[in-house]
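Chemist: If you want the building blocks of each chain, they are given just below.
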Amino acid sequence: MRAVLEVRDVAKYFGGVKALDGVSLEVPETGLVGLIGPNGSGKTTLFNVVTGFYVPDKGEVLLRESDDLVRIDGLNPNEVFKKGVVRTFQIPRLFNSLTVLENLLVTPLGQRGESLVRALLRGSWSGQERELARKAVELLKMFDMLHYANSKVSELSVAHIKMLETIRGLMTPAKLYLLDEPAAGVDYSTARKLFTYVRKLRDERGLTFLVIEHRLEILMEYVDYVYVLHNGKLLSEGKPQEVVSDPKVVEAYIGA
Amino acid sequence: MIDVVGFVISWLTIFGIYSILSLSLNLESGTAGVTNFGKVVFYGAGAYIAATLTTYLTLILNGVDVTETPPYDVRGIVLLGELGSRNPLMSLGLLVLSLVVAFVIAGALGYLLSYPIIRVGPAFVGFTLLSFGELMRVFLQHYEPVGGNKGLMAIPTPFGWVAESRVREVAYLGLVMGVLATTYVVIHRLVNSPLGRTLRAVRDDEVAALCLGKHVPKIKAKVLFVGSGFAGVAGVLLAYYLTSVNPNMFVPAVTFNVWAMIILGGCGNLKGSLVGAAVVTFVDRVLTFVTPYLGVTVISPDYLRWVIVGLLIVVVLIVNPRGLLPEEPIKTPALEVVSEELGGGSG
Chain A
14 MRAVLEVRDV AKYFGGVKAL DGVSLEVPET GLVGLIGPNG SGKTTLFNVV
64 TGFYVPDKGE VLLRESDDLV RIDGLNPNEV FKKGVVRTFQ IPRLFNSLTV
114 LENLLVTPLG QRGESLVRAL LRGSWSGQER ELARKAVELL KMFDMLHYAN
164 SKVSELSVAH IKMLETIRGL MTPAKLYLLD EPAAGVDYST ARKLFTYVRK
214 LRDERGLTFL VIEHRLEILM EYVDYVYVLH NGKLLSEGKP QEVVSDPKVV
264 EAYIGA
Chain B
2 MIDVVGFVIS WLTIFGIYSI LSLSLNLESG TAGVTNFGKV VFYGAGAYIA
52 ATLTTYLTLI LNGVDVTETP PYDVRGIVLL GELGSRNPLM SLGLLVLSLV
102 VAFVIAGALG YLLSYPIIRV GPAFVGFTLL SFGELMRVFL QHYEPVGGNK
152 GLMAIPTPFG WVAESRVREV AYLGLVMGVL ATTYVVIHRL VNSPLGRTLR
202 AVRDDEVAAL CLGKHVPKIK AKVLFVGSGF AGVAGVLLAY YLTSVNPNMF
252 VPAVTFNVWA MIILGGCGNL KGSLVGAAVV TFVDRVLTFV TPYLGVTVIS
302 PDYLRWVIVG LLIVVVLIVN PRGLLPEEPI KTPALEVVSE ELGGGSG
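Just so you know, the sequences run in chain order A and B.
According to the working numbering, the first sequence is numbered sequentially starting from 14.
According to the working numbering, the second sequence is numbered sequentially starting from 2.
Isolated chain B, as found in the complex:
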């Protein structure tokens, strides 16, 4: 029998993590027009920050000498399995620390990367970030303190101390949904503000924005700070969910998966990002769940993932070129002032 509850929990968790990514990409690319093809850089950075901080600190705080038994070593992995679930306070403390540090470092990385990219045209922005992602992946493959090609395993999870596995999964889902809600509120407020209006203006016509005194490079740097920070947070949640990270999880395809979500849902519409993330992760989860029950098939269902998502994009864009949900006007108190005037004028 297919475990329906298990399926729903895992789908919603993955949906939550990807929604944070798609919301932040929608802010950067949908609203501000920065073609970010390097989303995976900040996602990966967040995941590695959580994995590194949690594994090293768990060992160090339990009095283990990490120069002798580092967390990527077999003995380290065994120790992590034993020590990781002992102290609830430490687990939750490490979660908060990871979230904060990942936001700040991934955000700062985005801010700094904006420096070279503001000097090149929009298409090159995409490829500069794309290649940076590959550079980071190759670096991680060869950097031993974070496990090189094997990566880090047995990452102690925030709710590892909960005995019942279903309760643990639900608690983690609650955490992911909480972070998603926060992300949504923050990005929704940013978009529906004078800042959001300026971002859309920069997207529509950089030259005109420049002529109206907008410091376009600074604005893009700000946006990349926020977007990358949230991508880092999504990475943290992924690392704890999978309890392991390795460089080959962070390939460019991850970025394009997120792009597929915002194209499907509608560029510039935040609810669209959620819809897009829900659809794409649903396809992904269904295939993952169904595959083991099918036995031997001619084509692995795994390969169908891209075909299905691609087909969906084509169909949606034929019906509605702006995606499922088109961009909405910015909601600020200015709208009320105008509607009072218009209402008063006509009677």
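Next comes chain A alone, as it looks inside the complex:
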């Protein structure tokens, strides 16, 4: 399987702290890949490097563009999004005064009504708007959230907030979805439900995911490959059952 994302020997230092110290990994097309590691191991830093929040001190980040892999490190976050990488945040960053529907409709690129002149001419964008709204409705139905369409984010439960951030990313066809702890703070059955949706999207629509998750018991059931980070370095990788039985991983999680 071809790689969608290739991280090559990436390092990111903050003063003396080596947040990432030569990490290489690959996410294949239609992969559902897990990224785990103890607190402070560099998982979120890696997401920040891939999505343009940090420029790596060393190494390259490459993204598939038809038959080539092109570098995306050093681009701004909005440019990385346009290349086809969507992310969510550990602590959800939704638009709190907007409704659920409005949150979803912010995402799509190339909306005609976002131009200053066309925004004044309703006829020029209302057709596209309806189309996008139907897409939003379809996604909300799939995640059982249609009844909250007109609720404000501030009225939602944590589980729905988490879910909404994931759905918001799905409003645009992306090459790679980066989910940062989608199941954090969510009860067990909702967390499983969320991962079931994610796997369904992968299976049915061929989407590609890289997921950070602390709740290994859930993650391991769904992903097909796992990378383990520890102190900014890759500690282990492989199929879930291989990784959980790797003594190095067990030691990093439980040991001193």
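Keep in mind that the hints were calculated from the coordinates and are not lab data.
Only a predicted model underlies this, so the values are computations on that prediction, with no experimental measurement involved.
Note that CB positions come from ideal geometry on N, CA and C, so glycine has one too.
Heads up, some of the hints might be wrong.
Here are some chain A residues the structure puts well away from chain B; computed CB gaps all over 10 Å [claimed, not checked]:
| # | residue |
| --- | --- |
| 1 | Asp86 |
| 2 | Met155 |
| 3 | Lys246 |
One side only, chain B facing chain A, incomplete, derived with CB under 10 Å [said to hold, decoys possible]:
| # | residue |
| --- | --- |
| 4 | Thr199 |
| 5 | Lys223 |
| 6 | Ile331 |
| 7 | Ala335 |
| 8 | Val339 |
Given chain A, work out where chain B should sit, using these hints.
Modeler: Frame of chain A; chain B shown alone:
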């Protein structure tokens, strides 16, 4: 006797001018979250553009040599008084020209000023614009072609050729209301569109908006273009209404007056901007009208202006922290699609 009709006309005119300011500030700060503490810059720019264009062009088009008798000179002022009301076509032409030029130049100024301010945090945006306003005021105080500290006087008005003064006032009020209506329609459409949705998103969380591919600095520049353009238009209307401009009219307090309006009326709600402007200008007009009838008082009623507005803000915010009218959801055809689905689902 208090001239009630005169009071209403002057209140509504000032209300119209300030409403244009409060609507445009509401777009920038209420909807898009750009803390614009420099509203007066663009208001002042518009007023000075109208004053300069109208006085100079009136003299030049009447064959006066402005290098000899500039409009800020005493002889210029006398000439303007004589020439200004002669030609209706010229008066109205200069009005249209001023409105267009003021929108474009004030808008461009806002667009360019967004360049340094997008690099600083929200609080600093406010203070950068605030200090720019003071810089402009000091510059105008010392720039002779626009009259320096005295400013420009005897600006020929668009309806100066109308003989009856009450008719003139009503005609001008009609003009102001027409411009206000246009402003309202334009800003209402911008807010209730995908652009308005993106502006609110940027206001709520810039980082998330950036992650969804929004070019945040460009979006803010666009908003400042529109908001500043309309502030320039309001300035034009002010200059013609007062028939004079001087640098000390454009102090930071003007900006905060407009802020008081949108805080009172409700940030993000356009009707709230109108309500806020109506309340604040009403207080202002009442005090202005009443003062001469009171004779000598312990405290000049003029000073009460700020106290009253301040009290109103405190009371309103205690009762409703979002102002009199809270922000409403964005109205686009998307709402219909969802309500069809919801309606169809439940029966």
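Chemist: Run every hint past the structure and note whether it holds.
Modeler: Taking the hints in turn, this is what the structure says about them:
no.: 1; hint: Asp86; result: 16 Å, holds
no.: 2; hint: Met155; result: 13 Å, holds
no.: 3; hint: Lys246; result: 27 Å, holds
no.: 4; hint: Thr199; result: 6 Å, holds
no.: 5; hint: Lys223; result: 6 Å, holds
no.: 6; hint: Ile331; result: 6 Å, holds
no.: 7; hint: Ala335; result: 4 Å, holds
no.: 8; hint: Val339; result: 5 Å, holds
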